[in-house]
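K.L.:
Residue numbers (UniProt numbering), protein chains in the order written: chain G, 1 to 446; chain S, 1 to 446; chain A, 1 to 446; chain P, 1 to 446.
One thing to keep in mind: the hints can contain errors.
Treat identical chains as interchangeable: a pair holds within one or across any two.
Result set (EDC-like, lysine to aspartate or glutamate): computed pairs, CA atoms no more than 20 Å apart in a straight line [claimed, not checked]:
| hint | residue 1 | residue 2 |
| --- | --- | --- |
| 1 | Lys436 | Asp56 |
| 2 | Lys324 | Glu68 |
| 3 | Lys320 | Glu398 |
| 4 | Lys184 | Glu429 |
| 5 | Lys320 | Asp416 |
| 6 | Lys320 | Glu64 |
| 7 | Lys271 | Glu221 |
| 8 | Lys432 | Asp310 |
| 9 | Lys237 | Glu272 |
| 10 | Lys284 | Asp254 |
| 11 | Lys74 | Glu63 |
| 12 | Lys432 | Glu314 |
| 13 | Lys74 | Glu181 |
| 14 | Lys74 | Glu325 |
| 15 | Lys147 | Glu64 |
Hints were generated in silico from the structure; no laboratory data involved.
Listed below are the residues making up each chain.
There are 4 protein chains.
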Amino acid sequence: MILNERPPWEVHSSKVELKMSHSQIIKSESASSGTMIDALTPPARPLFQKLTTFIDAECRPAEEEFEEKLDGFKIIPEVLLALQRRAKELGIWNLFMTHLHNITVHDYGLMSEQMGTSFLAAYATNCAAPDTGNMEVLHDFGTALQKERFLGPLMDGGMRSAFLMTEPDVASSDARNVCTEFKKETRSGVEGYVVSGRKWWSTGAEDPRCEVFVVMGRVVENSVMSKHHTMLVVPSKSPGVTIVRSLTVFGYDDAPFGHAEVSLDDVWVSKEDSLLGEEGAGFKIAQSRLGPGRIHHCMRAIGLARRCFDVMVERMLTRKVFGKEMARHGMSQEKIADCKSDLDCARAITLLCADKIDRIGAKAARGDISMIKYAVPDFVLRIVDKAMQVHGGMGMCEDTMLPRAYSYVRTLRIADGPDEVHKMVVAREECKAALKRMGIAVGSKL
Amino acid sequence: MILNERPPWEVHSSKVELKMSHSQIIKSESASSGTMIDALTPPARPLFQKLTTFIDAECRPAEEEFEEKLDGFKIIPEVLLALQRRAKELGIWNLFMTHLHNITVHDYGLMSEQMGTSFLAAYATNCAAPDTGNMEVLHDFGTALQKERFLGPLMDGGMRSAFLMTEPDVASSDARNVCTEFKKETRSGVEGYVVSGRKWWSTGAEDPRCEVFVVMGRVVENSVMSKHHTMLVVPSKSPGVTIVRSLTVFGYDDAPFGHAEVSLDDVWVSKEDSLLGEEGAGFKIAQSRLGPGRIHHCMRAIGLARRCFDVMVERMLTRKVFGKEMARHGMSQEKIADCKSDLDCARAITLLCADKIDRIGAKAARGDISMIKYAVPDFVLRIVDKAMQVHGGMGMCEDTMLPRAYSYVRTLRIADGPDEVHKMVVAREECKAALKRMGIAVGSKL
Amino acid sequence: MILNERPPWEVHSSKVELKMSHSQIIKSESASSGTMIDALTPPARPLFQKLTTFIDAECRPAEEEFEEKLDGFKIIPEVLLALQRRAKELGIWNLFMTHLHNITVHDYGLMSEQMGTSFLAAYATNCAAPDTGNMEVLHDFGTALQKERFLGPLMDGGMRSAFLMTEPDVASSDARNVCTEFKKETRSGVEGYVVSGRKWWSTGAEDPRCEVFVVMGRVVENSVMSKHHTMLVVPSKSPGVTIVRSLTVFGYDDAPFGHAEVSLDDVWVSKEDSLLGEEGAGFKIAQSRLGPGRIHHCMRAIGLARRCFDVMVERMLTRKVFGKEMARHGMSQEKIADCKSDLDCARAITLLCADKIDRIGAKAARGDISMIKYAVPDFVLRIVDKAMQVHGGMGMCEDTMLPRAYSYVRTLRIADGPDEVHKMVVAREECKAALKRMGIAVGSKL
Amino acid sequence: MILNERPPWEVHSSKVELKMSHSQIIKSESASSGTMIDALTPPARPLFQKLTTFIDAECRPAEEEFEEKLDGFKIIPEVLLALQRRAKELGIWNLFMTHLHNITVHDYGLMSEQMGTSFLAAYATNCAAPDTGNMEVLHDFGTALQKERFLGPLMDGGMRSAFLMTEPDVASSDARNVCTEFKKETRSGVEGYVVSGRKWWSTGAEDPRCEVFVVMGRVVENSVMSKHHTMLVVPSKSPGVTIVRSLTVFGYDDAPFGHAEVSLDDVWVSKEDSLLGEEGAGFKIAQSRLGPGRIHHCMRAIGLARRCFDVMVERMLTRKVFGKEMARHGMSQEKIADCKSDLDCARAITLLCADKIDRIGAKAARGDISMIKYAVPDFVLRIVDKAMQVHGGMGMCEDTMLPRAYSYVRTLRIADGPDEVHKMVVAREECKAALKRMGIAVGSKL
């Protein structure tokens, strides 16, 4: 890979004029009738159109071949690699790095919705988790060396990465429980850490192109709590790293990307190469990954829900039971109506949240981000479940993407913090607002 | 009442520039944190601020006195009449006639939300149903004479009206079933109709100021179906009109406005005075009442939900059970989080629908209008129900407005067409869209 | 009133043979198809048949006249008094005192279900709350004097009583919060208490025949917690007792029985006349009221749900919309099916709980009693709500008993402890069982 | 295999005395606290105890080895074969053939619940679908020859079978759509049929021991509708039979039993060997499979739910989040309480239905059977879903049986008729009952 003269992550564009974004949002139509182009800021429009055409004309049609050519975690089917080359050529590449394209989080939200309509689209455009979050982290906190070694190749698409956060032995929904150890140890005069721990749900760790892990742990020597949780960049082929097994979700192994359990046994890394930000910055970095990322996840889930809704209605219009098309039966009509409002609700609150991030930043929009995190998967699961039901036996098996869609969205209620934690966050935000309104000091009550 | 030189309904302003509206919508904050002023078009901003101040400082505080002074249907407590004078003086009067104020449906939606936070606000500002719909109908379809006789006084606030649609003897959810008879009869050389039938749920008919009914029925002589259903303007004191009884909703009679059962026994009216539009225009006129009107209803319900949500959270923060504030209990936190997402969903889809009406008109937005009609009351009822539960016995009785709020919102699932009918409409719209996408002629399937 | 030679509460029959009960339960049919007689123990069968005939032929037909003759809290319409005389004559009187009739809690549960199908039946048969609970308390804890003065007349039906537990100023869902004061004071050499406090939701306190209150409070002088909460019998006409107001539930005042707010201002009572059990026995006595009482409440609610379900289906079969009976529409069919399973579930778990009380006692069945307390009203509300929806406007007003039914059942989610408290109880019971299974000492975890 | 002197299916015992069954049912405790032995008829008690011990001590512990030894559809792991030998030895074999053991459907329901707590138990005891239904069909409708050739070996456990009903090309929820063709053709003077069609969801067809298919189709020559749908017994190795593929459910292939798509291309069978009952008896035979079978499915699902509930509570008691055990958090407590009532409701209505079948037969209990068919999986799914949520990532993967449980129970909402069809059945039954009550002839309305 040859880097551009200026590294790609520095191609900052002039700041997008926010007013443009707002002026257009409302024109984005309801989910099932597609997205109107003028909901986007001007810089986003040609990108969106190219992306949509690419997904409709190239990604969805390629899904079947991709499935056929799969061979566990050994290879990435050529059809996906070809799609990646094509997307790069079209300039619809790394779109999640919105500042590079002079677009807004809201713009990218609408693009994520489109990506959600094909299982291949996010991979094809280098916009798939966990690389997106890892690239953001490297961009914001990485040293020049880390950027050159990892961020460049990741942005180029030839390398992949994993994020090693969750641990099997502790309730990771409370991130303070994370207990992988970073023990300070100088080897050959070089300062460094010995990493020991076990991680799981390390998505992408088994991808044959995966070269780097971003690992959360704690520096054992630091007695001050604020210096504890720390993030390290660890090359995935380091001695002591073992892929213990591939986890399945429902029955799917999600090859060739997968969700690995990874053992880290006395893995030594140098401080200079590995430390992200500083010791104790673990939470801050982890948080930074989560704001826009949740918009992406939700909007992709919504795109997927739209696809499921569309196939459900199409099936109802073409399948006859008890003498008439399913669509003429009242129970079917109620399903359609319920799905439609679920879909529109999910979409509306997520886009509003995206816009809020554009305007006031992810930190201030924290409550809304937590809210969509629990509300959207719930809406989407209801839609996917109805679509499965309408498809009968076909809706349970590999002849539709429905059970896979269900399985994927179901994990969203757990990944990046379970519903329950996000409900606590929202409740706290609302209580704070109420106390303020009531003129009561927050400290005395919460 | 002295009319302005130009009648009030002709003060058309220059067309509001739609782009302004869109550019601002997104800035309206989530319900519980109030509405940001810059979500409104510029002409709406000062109105909105005056309205909000008026409601907060004058309407809600007046509720208690209003309740105390109530004496069935005999009088309108002076406190409300004073509020009306005040609102007129402030220029926050007849705001629902958006074209008079150069504001959008979306702007008025945000104002309706504010009105929903006090039971008196819509009455105080001459924006209460059914007068709003009746004024619109008179404005759009009335003759000059009808406008002078009824529209002027209604807009001035000294007169009230009722809409006589639903009938106890037929399933009025299918409006074609309406069977009140309009029999042609010329008296003293004047063409006219003899009206016979029974109506109920005629809201406002018992208000002592009610002077006029808008009545749906069918012209018995017209053999052609398209000439059947017709709308007449009938003075409420006409011979043959009897208020049979006041209906209660749950246990409330909703005095002094009420919901009457009305008997029309051989009520003769002249064609010139009474006919709205033309014979057979009944459905068309009925439809025209319903578009923006549903935005108003939904947004008021949402404002009410916000009030209920606020009192729920405040109660949780100040009431201790089992050793700590309710707000510290997990079951309470889950209730807050669920209410918050319900509220934001309801609000987001309704505002999007309002904007759609602004952009493409109520007819084209029909599907969305039906969707909010069934989706919003469901969200709001869940919120009110939780607020009642949190208040214990107090939440069931007159010490809170909660049971009344519940009762009011529950009727919204039935009034103007039950949920089931609106779900059928949405299902049909979605099926049409799907057939189009599939390249199948609609006629062959629906 | 002339007492029998042996006071009525002493007519203990030979112990019912429990095996009989079990052998029959299963034959009780699903709710909507009526109750088979052989689900009852032999002694219960003739009573059940007389009761059912009485309710069907006399109570439900009398409802209309009762409503018409109502005049607030001033009188009890004669038609109810006549029903009472008739029920006493038939021997279907005080059936809730199961030991007097040699029947089981399960038998009486099935009878309560029948009573639920008419608003008058429980009153007509002297089986209405709160008298039932008060009579039980007097029976189990009263002195001979208290029994003669109050229990006899209550059982005879000429006197009524109220239970003063809940207080407006504290979260009474945690009964330890109750703070009405019992201050020891000897007057004229007679030991006694001065009662001061405010109670509300004192059902029946306004009935013109109400003579006695059972009052929960705390003896202020007792420093030991276990001597604190105490129950007193207080004559309702004592100096210092004031009915402050009638509370409404949704808009209903539930006259002529009502729910009163009662002020107790320095009400002196003698210890001998008033103390129930001993000082500090308040909780124990309060608990004793709640076991079988919850079966009664749930089964009556289920009987009411069956009535609502029946009228819903009948309406669907006779009302046409969009060209065919509602019952032929798919959305209606789904409603019927959902109601049917809700009804059968509610009924099955309540009858199983009743039988459990028969076999192992209310204390051991505590978890099940809490479970039906939150599960059954939820099922029943869903049924009543659907029945309202199907009736359109008629379902909201006094033309059906539906809104009243809804309002009544909604209070069951709060009265005698809100859902949330009972869910905590069930969770604790299940956790204890799990700890035992796991071999972990309960103390270490809960 | 050597048959007993009297074939095993003829060992009819003296008719079980029904009263015994009823007398005991009620004593079966709520699900989570286990089943009391005296809820069973006396003949069932020793069987139940042996079965429970066998499942607890041998089946569940064997699950891990079974999983490890699996090798697709090639072999049945020896551990299962050993369990089968053991069960046969213990006499807990073919228990579903209740008449052989002198037990009731209700007894067997309680046994099925136990079987549901281990994935291996039904197979180990020769009580797994679809063999159970097929054996019943062969028993009730088979010729002596068919019984000897197939029923004997199936009952002995050495042979397995499949039921070929559903077809990929038609909406099989309306069984009249089934279109596999049986063409009459005499070969070598022997009357027979040529079978042509495609079936799927043929559970067990890939089991290496599967020798026989029971196939639904229509005799093409029969012009009379009542002679159309017919059932044939077809040896699975017949020329023209092809296993097209294994279907997955969510991602599971359910090896070694599986769900096959089967192609039947001109498969000739003799009439004497193959015809079950007579031509046109297809529906009758299909129906006969479904009554008690649905009890078995539901009770096994309930047993599974109990297992999931138990692991959920145990996890809550041992896992700490935010400073205390999950079980101490209010949101957890609400989950426990909701699961508990869901579980008890599911169990209660299914056992009542089982008893109804014992008393009045499956045909008369049709409505109840349809009701449990849609109500029970819904309850169970809610429980399993909560258990997954509480387990976080572990709840999604193979470290718990939870996602597999979810996937299995989800199919129950579709298999043997989707929810929607069963809701129609229940609605029809309730409407019939209402019409009868109203004195209206059914014919005129339904």
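K.L.:
To test your reading of the hints: which numbers does this structure violate?
P.N.:
2, 3, 4, 6, 10, 13, 14 and 15
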